[in-house]
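Undergrad: The residues making up each chain are set out below.
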Amino acid sequence: MFSEREDESTSEVIVMDEGQNYTAFSSRGLLDMIGDLNDKALEASRMKDFIGVLGGRFLNWAQRKSLFPLHLGIKCCALEMAAAGAPRFDAESFGVVFRSSPRQCDVLLVNGPISKKFADPIVRLWEQMPEPKWCIAMGECAISGGPYFQSYNILEGVDTVIPVDVYIPGCPPRPEALIDGFGKLREKIIRIGAVPSGETEARGTPIIVADD
Amino acid sequence: MTEDIINMRDWVRTAMDFVSENTIGMSRHWEYTDSVAWFLTEFMMCVMVFGGIMTTLLVLLWMERKLLGRFMDRRGARTSLRSLWVGENGVTAGEWWNQLPFGTGVPIGMLNKALNEIAGNDHKLEAVSRVQNRSYHGVWWLLPGFFQNLADGMKFLTKEHMVPEKADRYVFEIAPFLIIATTVMCFTFIPLGPNFHSNNSEMSILFLMAVFSVAPLGVFFAGWSSNNKYTLLGGIRSAAQLTAYEIPLLVTVLSVVVLSGSFNLVEVIEFQADSGVWNIFLLPLGAVLFIVVMVAEVERIPFDMPEAEAELVEGWWTEYGGMRWGLMFASEYLRTYAACLLFAHFFLGGWEAPLEDTIPFIHYIPHITWVFLKAWFIFIFFVWFRAALHRVRTDQILEFGWRWLLPLSLVNLAMATVLRLWAYDGVKEEWPILVPILISSISLVLFILLSIDEDPEALEAQTRPFSVQTVDVASPGQHRK
Amino acid sequence: MAEMWISMGPQHPMTHGLWTLKVKIDGETVVDTEPDLGYIHRGVEKICEARDFTQIIPYCDRLCYASANTWSHAYIYAAEDLLEVEVPERAEYIRMVAVELQRIASHLMWLGAYCPDVGNLTGMVWCLREREMMMDLMQELGGSRMHYNFPRVGGVKRDLPIGFAMRCRAKLKLFLDRIQEYEALLDESTIFLVRTQGVGYAKAEEMINHGVSGPNVRAAGHNYDVRWAHPYSVYDELDWEPSVERPSIKGSDCYDRYRVRVEEMRQSALMILDGLDKMPGGSETYHEPGDPAILAKAPARAAEGQTGHHHFEDSRGESMFYLAGGGEGRGKHPYRVSIRSPMFITIPYAAKCMIGYKIADIPAIMGSFDPCIGETDR
Amino acid sequence: MAKEITAEQVLSAATELVNDVSDFGDAVNAEVRHHTGGRRKHAYVYIEVVASEWRELALWLKKSKSVDYCSMVTGIHWPENADAAWQVVVHLLRTGVVNPPVVNKRVHETKVDVGALSGNSVPMEFEISMTIPDTREPCVPSVADIWVGADWNEKETWDLVGIDFEGHVGMRRVLLPHDSPTGYHPLQKQHKLRYQEFNEMYDDPQGFGRKPEDSGRVK
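Protein chains in written order, with the working numbering: chain W, 76 to 287; chain E, 14 to 494; chain B, 2 to 379; chain F, 54 to 272.
Simulated from the structure, these hints should not be mistaken for laboratory data.
Be aware that one or more of the hints could be misleading.
Below, computed lysine-lysine pairings styled on DSBU-like, alpha-carbon distance capped at 35 angstroms [unchecked claim]:
1. 164/F with 174/B
2. 245/F with 158/B
3. 158/B with 94/F
4. 298/B with 115/F
5. 25/B with 242/E
6. 56/F with 279/B
7. 242/E with 353/B
Next up, chain W with everything else stripped away, as it sits in the complex (with noise of 0.2 angstroms):
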């Protein structure tokens, strides 16, 4: 008896938390119909480690191998940011294609300076963005205020206001260094997988591009 009750109100929890973040259906009734049944029947056998594993690598597979930038243009780096879609560095052949709608991405490429009047609209697009979401800082400005540090009207830093997964150095950085700073975010989502943003020890310690 006991036992039942703990069982059920465990999983009753596990599906609720599930349902709200990472599936394609949000119908509840659904999720609440199968999980039970499915958790048992997966306990009995040993298929869990087979979805876990399989499914899991897959799964980080193709998060990280499609990442989809947002396409904010804020200064100079957003020129750079440019050029790497262009012929010559090009960037959609890595997987990283620009769109418009922040509902559609999972990367935040911050690429400029946040003044005062930008910190609530940037805060505002970081959380318009699905989980799992991931931001870039890309040149000094993003990173430390760069040149206008001394400024009135500009953050020390994009990283007062949202979380950086990845440092970008360079005043601006050359596409190169942008492909490399993908590549270092894939880098990282193969080690930690699709944490939420909000986790940020599970998130560890960001990358900082051309530190090793």
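Keeping the supplied structure of chain W fixed, place chains E, B and F upon it in accordance with the hints.
TA: Quick look at chains E, B and F alone, frame taken from chain W:
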């Protein structure tokens, strides 16, 4: 019926007969044997047709990426499945196959090691390709860039599902499924081969067109329910544009029906095969009209006003993300695919091989090959338009639809009627060979003449031939209307 | 449909940068507009008051990310007016080469950003492809890829590298052929003509009255150019004519503004080819950095109460620096640096210019004025 | 044809213009100044005007001297000397741009013959300077209705320097955030830059300890 070495429907029917006789036929419900077998056959055929379409959809997406890249002097997508076992920049996921229970991962590990030998990061082909800046790394049979779309689709599955707070939640959730469901229903009546169709009914073209024009309703739902001004404008634009272009589409399809004398898609193709002439040589104007109208129907450049990236951020699907956006994305390309297949069936003789009667042994090639090849060939034109053309304005697109496409489609219908009534040889049931030659040559000459639209006098005077907007006073704030 | 306000931006494909255009629409027609700037205001004018005259150059590079050299040169001429410096002839030629290369690159970036505004991605990618060539050439001069920090008070940082002239000639000749590709892609396309002709009418006199200058005025049919009206460099020794477009009767539309920029790219390329031939000392010789042939001796301090200003033909219009030097004991730093940005004045005019047209014309009209927000917000 | 304006043309036009300015009396005193850098030391007109007289002078320049282009409005804060604590420098240009002539319904673009320019048609630079004694709210008359180009320049001058322009409609912040505190104009000299003295930089070179000034304001 043309004979095909892939006689899929009969094979499935025999298999299902065997199954049902050995299951139902044994039981005391033996009188349902035939109906069960029929049901199973239809179900299996639907599954196979839809599976074939979905798998080859990846080819379509791949073609778009690669061709667009080539037009733009880029390389296009280059991701290969190799990155599954070779990690990023040497960082691999560890030997994850050892985590699989019962030692079932051992063959996977051996396969990975073998593939690393063949196409790993340290393979000489890989190194040579990197040095030569080749468009693919490693070996060709890994289809570089082909699996990029697979990765995108799988990523959409893992994205969080967001519904805006002020959105109309139920309509917002229903719209994508309305679009994708109606799009999939189109393929019920599109045959992939003489014996490879899920349903062969009379009036199949009527049903096809009816279902094909339901998806715009879902588009309007999506745009309205997102409670966003951009999406609302996109939805309204798509409603206006698709109503303007439905009528020329139907009239053009009607001309094909008149020419072939049947509302059944299979019979239309059979008529082209029997009468010996593809419809494109009899109705070149109809073919042009059909492809232009279809570009507008599937909302691609130059007629992609509903998702005009420049002014409306992402158009009517701005607020959609995650799997629902992935479904809409897939349905866009499925509609394009349906358009290409319909063009192949209506005008390019469907599954009939080119010069099938003259070239020997060509009928040993399964006919499904020709269907797909023709459809992909038409898709090349879609990508070409997207790479070469600009986006037209809303008023211009409506003006074009009502003032040019509708009269032209009526002219085309009249041509089809005249041809069918006077030129078609009903006794031998084939076209006199002079008719297609005359029509094709005349229309070719007309096309060449019309494509020379240089106006030297206007160029010299630098007048503005295309000033569609009249402005009275040119001072800021003054010129309204 | 009722009238409603749409806020385009700060993140929007139409705004080539970071600003907001509030549009009041009635159905598909634009009824009223209101620009809102200042999203990347960095206070450069305040920071420059704490820098000396050489330290200011990188900030001027970063004023406009699309044309760095023109802005640093605009500052340099003002600083030389302040510090009373004579510049050697060869340095002037090298500056001319750098500025015109940057003008080509900037116009290429404009065309590349303008093609997706009217719905074509191919033109953007092609323009960025040619822009890479120009950036390689300027990279040989300045050493960096985008922000060159090239000029110095009294000259330039470096002489032309050995073989630069040969590479420059070859690439410019290739570029002159590539321009015909763009014209084949854009001018031959009826849809492009339909989209750009007859929208965004603007007349010359009212543009001047609104403070708009540069290519936008030349597109309206008057060849006013700071390079001959307030001459500052070796343009008198080159054979060139400011490219002027013949507008329609109602004024210049987006098509004129596109044509005049393409003509300017051609003009600048020919100008560089001419300047490389006429360069004193020959374009193949190389002087060490600091050689008096390319860098004159310049004082580091400004006299008391001295001011300097200079009007400069930027790739977007007439840009200007006003430096108030001196102040007690701080002659090393300018007391006040004031920057005249052409786009800061042009954007409100362009926003007013699109009233009465359709929503789809907003990117076409705003893009045709070539907005650059880095210089606008400063 | 002459490629560009010669120094003689500019000098003659400038001297003639300066003589005409003398009608205004001692409220306005003009002089011909010369650029001191570059290859050509061209002349330009420097006018010192009392703020109250500025508007008539502007109208006169617009009407009778066809000065059609306001380039820049600059405000400077001199807290040291009390009698001229605020200075407004206005840069004007005479471009001579006219609409292209229409001959029998054909537009013909105008290509200026530079050598033939003289008098009021010579392109000319003007630098007009006016000073205000030390006050809390400095104010000068606005010329935004004479040259529309001065509109946003004056907005920016009030936004950054804090010099108000009377008669200017719709004065608002253009570069600073709209919710900036009233009376905060960063280019006034009492406002220092962040880390103006670099001590705290040296105390904490990596900058781990410091917070942005506005850590509370933004998320």
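Undergrad: Taking the hints in turn, state whether each one holds.
TA: Hint check:
1. For a cut-off of 35 angstroms, the pair hint linking residue 164/F to residue 174/B stands: about 28 angstroms separates their Cα positions.
2. In summary, the hint linking residue 245/F to residue 158/B is supported, as the alpha carbons are separated by about 32 angstroms, within the 35 angstroms threshold.
3. A distance of roughly 24 angstroms separates the Cα atoms of residue 158/B and residue 94/F; the hinted pair therefore holds under the 35 angstroms criterion.
4. Simply put, residue 298/B and residue 115/F have alpha-carbon atoms about 42 angstroms apart, too far for the 35 angstroms limit, and the pair is violated.
5. A distance of roughly 12 angstroms separates the Cα atoms of residue 25/B and residue 242/E; the hinted pair therefore holds under the 35 angstroms criterion.
6. Annotation: proposed proximity of residue 56/F to residue 279/B holds, straight-line Cα distance about 16 angstroms (limit 35 angstroms).
7. Taking the CA atoms of residue 242/E and residue 353/B, the gap is near 22 angstroms; set against the 35 angstroms cutoff, the hint holds.
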